[in-house]
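Colleague: Letter by letter, the chains look like this.
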Amino acid sequence: MNRILLAGLVRLAITLSVIAAVILAVLIPFALPHEHPGAVIAAFLLGPLSSLRHLGNVAEYATPIAFTGLAATIVFRSGLFNLGIESGVFLGGLAATTAALLLPSFGPFTPLVAIIAGAVVGSLSCIIPGELRLRWEAPEMVTSLVLNFAILYAGVFFLNYYLRDPAAGSLMSYRIPADAKLDRLLPGTRLNSGAIVALVACLAGGVWLYFTRSGLNLRIVGQGPVFASHLGLPSRRIIMQAQLVGGLIAGMAGAIQVLGLYPRFSWTQLPGLGWTGIIIAILARENPFYVVPAALFLGYLQVGGDFLARDIGIPSEVVGLVTAAIMLTVTATAIFQHPAVLRLIRRIRQAEGTR
Amino acid sequence: MTDGRDDEERAAGPAPVVAFDSISKTYANGTVALRDVSFSVPARTIHAICGENGAGKSTLMKILFGLEEPTAGRILLNGQPVATATRDFAGRHGIGMVHQHFSLIPTLSVTENIILGHEPRTGLLIDRAAARAKVEALSRKYGLAIDPDAITGRLPVAAQQKVEILKALSRDTRILILDEPTAVLSPPEISELFSRLRDLRDHGITILFISHKLNEVRSLAESVTVLRAGQLAGAARLADVPDNMIMQMVMGRPVEITRRQPRRMTGEPLLALFGVGLASRDPADRLKGVDLAIHAGEIVGIAGVDGSGQRGLVSLLTGAARPTVGSIRFDGHDMAGASTARWRAKGMAHLPSDRFTQGGVPALTLIENAIAGTDGDKRFQRGPFLRRSAIGAAVERMVRDYSVRALSIGERLDSLSGGNVQKLIAARELATEPRFLIADQPTRGIDVAAAAFIHTRIVAAAERGAAVLLVTADLDELLRLSDRVVVMFAGQITAVLANEAQLTPERLGPYMLGLEGMP
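Quick mapping for you: the protein sequence lines, in order, are chains E and D.
Heads up: the first sequence begins at 1 in this note's numbering, then just goes up one per residue.
Heads up: the second sequence begins at 1 in this note's numbering, then just goes up one per residue.
Bear in mind the hints are in silico, worked out from the structure with no lab data behind them.
The beta-carbon is built from N, C-alpha and C at its ideal position, and this holds for glycine as well.
A hint or two may mislead.
[Said to hold, decoys possible] Taking beta-carbon pairs under 7 Å as the criterion, some of the chain D residues facing chain E (in silico):
1. Leu-116
2. Gly-117
3. Glu-119
4. Pro-120
5. Gly-337
6. Thr-340
7. Ala-341
8. Gly-347
9. Ser-353
10. Gly-373
11. Gln-381
12. Arg-382
13. Pro-384
14. Phe-385
15. Ser-389
16. Ile-391
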């Protein structure tokens, strides 16, 4: 165990140094024209850590993308590249708003009911492409991508005709009742109890995948479909179960985002949290335990970008640039499967092995 | 004095075309692949190189082919020492290599594949006419008939291998290395290949032939060099040494080659197929009117050229396919069209021919691969949770009992060699004490020691009362293990023979080719 841990640390160290190099490489060109280039980089890197409130902002950003990262992880682990998570978030937020507005109050359980409604309705976005794939072999990547937009426009239609507040200036729902809103955790931030749910969900997801029989079966079906049928595993059921769970989590992400942050539901475009979730899943190497740090890291970059925008006047889109560059390098086999790295890791493992 | 030396040279045959002089190779990670290996290969001979997996055969050939640099020692070609691992080393010295896994591009034509890397040109363009003419000339010269315009990926495996050989010969090749060339071929294709290789030798080409299979080495090569754990374990002219001597050199200890005493079974068979047919788009899967019975404790071997319906038969009996007609009964139950889960619940276990896609998941650990499919086993599970310490102990025991060589059971499956993967799969499949075992090419491509081990386990399973279906292209293995031999051709059974002493591969031949026994 010890040497496997140690070998894992090598990968972590390489990942961190690659990320650091990328951040600096992207940031330095923006910082150089500035009067104090050092201050720009310091604001980006240290700003998010400078106070409890800013750390709270990091966690606030991290909450929804930890959910979607977990959802993407579980869906991808089944071997399907199902992108329905994106519209699952949208649908989850819309359904939770609808439940909060149309259903009576359930006292302290009102948010729970709304979140469940959001999760259940949101899961459709992953279930439908999964079912189409298993039943008719329709490529799930295509169907889910197209379905994302079908769901978006159907949702906007629903918002416009059933939830729209005519008194509001633009297309948005009535105000979400106060008892449906999530508790705020930190004054001055929008960090809410959803963050705790996200943390617990990611840990539970990790326990599921790595410590239970059904998690092992899911990984077998995803990584070795032929082996799964050799064993006689019920592959279809296992794949659909992963689509269902991924969809539920995506819907939950949307519900928690809307109930935790916004006074009204006002999404008329896909929120993009599902796409970020895919980035998180890849960054976390499709391991739920790593989803939390990966989400916090992207949250940290986002808050750093906000600092640049607010204090220095560098567009916060730089964050997108940094993220993209990190994704390119972190997924680069040339770096992480480099013979020298593999040799180093093998040597560490063997050194302990022959003790 | 001078005369004496001449005599010696005459006795040793022609001057060596290749000589390895104290070659050692230590990899950067400290693995010693070769230690002080010296031997020479006379010109115009076929020389076999034998040894277990990891004995250093491939490393040595890579050094000769210029892909690796030796840590110490020299290579002499025609008596001259040469600098190794230089650019285009193999091309300049006329060395060609046919790899075990083909290095052809399936979407390119035969001609394009052969000329790739040294295309004849007119200006900037490839001179296609010249290229085609060159390929035709090569093909004629060496008697390897091939359509130069065929798309390589659509050719049968044996034809692709011809392309691979022509490619290796395409640059004035004097030395040809073949790495386990017969692993993908059926017996008639193997004898065809061997006669072509003899022709090549008669054309003056020196052939180095890497193989696991002793019978092939014996029928093809004149001399053999055996490597064991990176060192020279022996070298001999094949005419001078018996099989068990070579086996002893390979394994480092004496080996018994014995044929199992076949048993005659009577009474109710455990598994019975009547008039089973399977329709399929792929002719290799089709079955017609198959009657087959296997008794408890009996090993029935299926012989046949690759693609004679073995795959269809295995898929019916593992639940991967449903018969179009006919009945399948196992232990009194109707099992026609039963799912894999149902077959397994009835006690079926399966050693699949494809180890890394069917037999396990390369990216998962040994532990995970070893306990896959044991759903609901109370030893390994408490509720939905896996019992990690109990599992760890059980897998440690499996690894020990089946002598799987692994750094730790937490390693990924693909860190193991082929033979060790197969041992782990056997450990998993046999742990269930199956009543019906399907062993599909159980020892293909694995070393002699691992193969012998797998054989003892298959026999032990039969002795515990399992009905065993052995599907193998290795006729020695078939005859060594089976109680009865069933021969298939074109999806039909052409013979059912008791495995008696007079049953030889030669007697099976006409049935395997459908010349006899067709209904």
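Colleague: Hints first: check each against the structure and report whether it holds.
Modeller: Evaluated hints:
1. With 7 Å as the threshold, the beta carbon of D/Leu-116 stays out of range of chain E, its nearest partner Cβ sitting at about 24 Å, so the hint is violated.
2. For the restraint placing D/Gly-117 at the interface with chain E, the shortest Cβ-Cβ distance is roughly 24 Å, beyond the 7 Å limit, so the hint is violated.
3. The interface hint given for D/Glu-119 is violated, since its Cβ lies 29 Å from the closest Cβ of chain E, which is over the 7 Å cut-off.
4. Given hint, D/Pro-120 at the interface with chain E, is violated; its Cβ is 34 Å from that chain's nearest Cβ, farther than 7 Å.
5. A least Cβ separation of about 14 Å between D/Gly-337 and chain E goes past the 7 Å threshold, and the interface hint is therefore violated.
6. Interface hint status for D/Thr-340: upheld, as the beta-carbon distance to the closest one in chain E is roughly 3 Å, under 7 Å.
7. With a cut of 7 Å, the hint placing D/Ala-341 at the interface with chain E holds, because the nearest CB-to-CB distance is about 4 Å.
8. With a cut of 7 Å, the hint placing D/Gly-347 at the interface with chain E is violated, because the nearest CB-to-CB distance is about 12 Å.
9. Evaluation of the D/Ser-353 hint against chain E yields a violated restraint, the C-beta minimum of about 11 Å exceeding 7 Å.
10. For D/Gly-373, the suggested interface contact is upheld, since its CB lies about 4 Å from the closest CB of chain E, less than 7 Å.
11. With a least beta-carbon distance of about 6 Å to chain E, the hint placing D/Gln-381 at the interface is held under the 7 Å criterion.
12. For D/Arg-382, the interface hint is violated, since its Cβ never comes within 7 Å of a Cβ in chain E; the closest pair sits about 10 Å apart.
13. Taken as an interface hint, D/Pro-384 checks out: its beta carbon lies about 5 Å from the nearest beta carbon of chain E, inside 7 Å.
14. For the restraint placing D/Phe-385 at the interface with chain E, the shortest Cβ-Cβ distance is roughly 5 Å, inside the 7 Å limit, so the hint holds.
15. For D/Ser-389, the interface hint is violated, the least distance from its beta-carbon to any beta-carbon of chain E being 12 Å, above 7 Å.
16. Here the hint on D/Ile-391 is broken, as its CB sits about 10 Å from the closest CB of chain E, past 7 Å.
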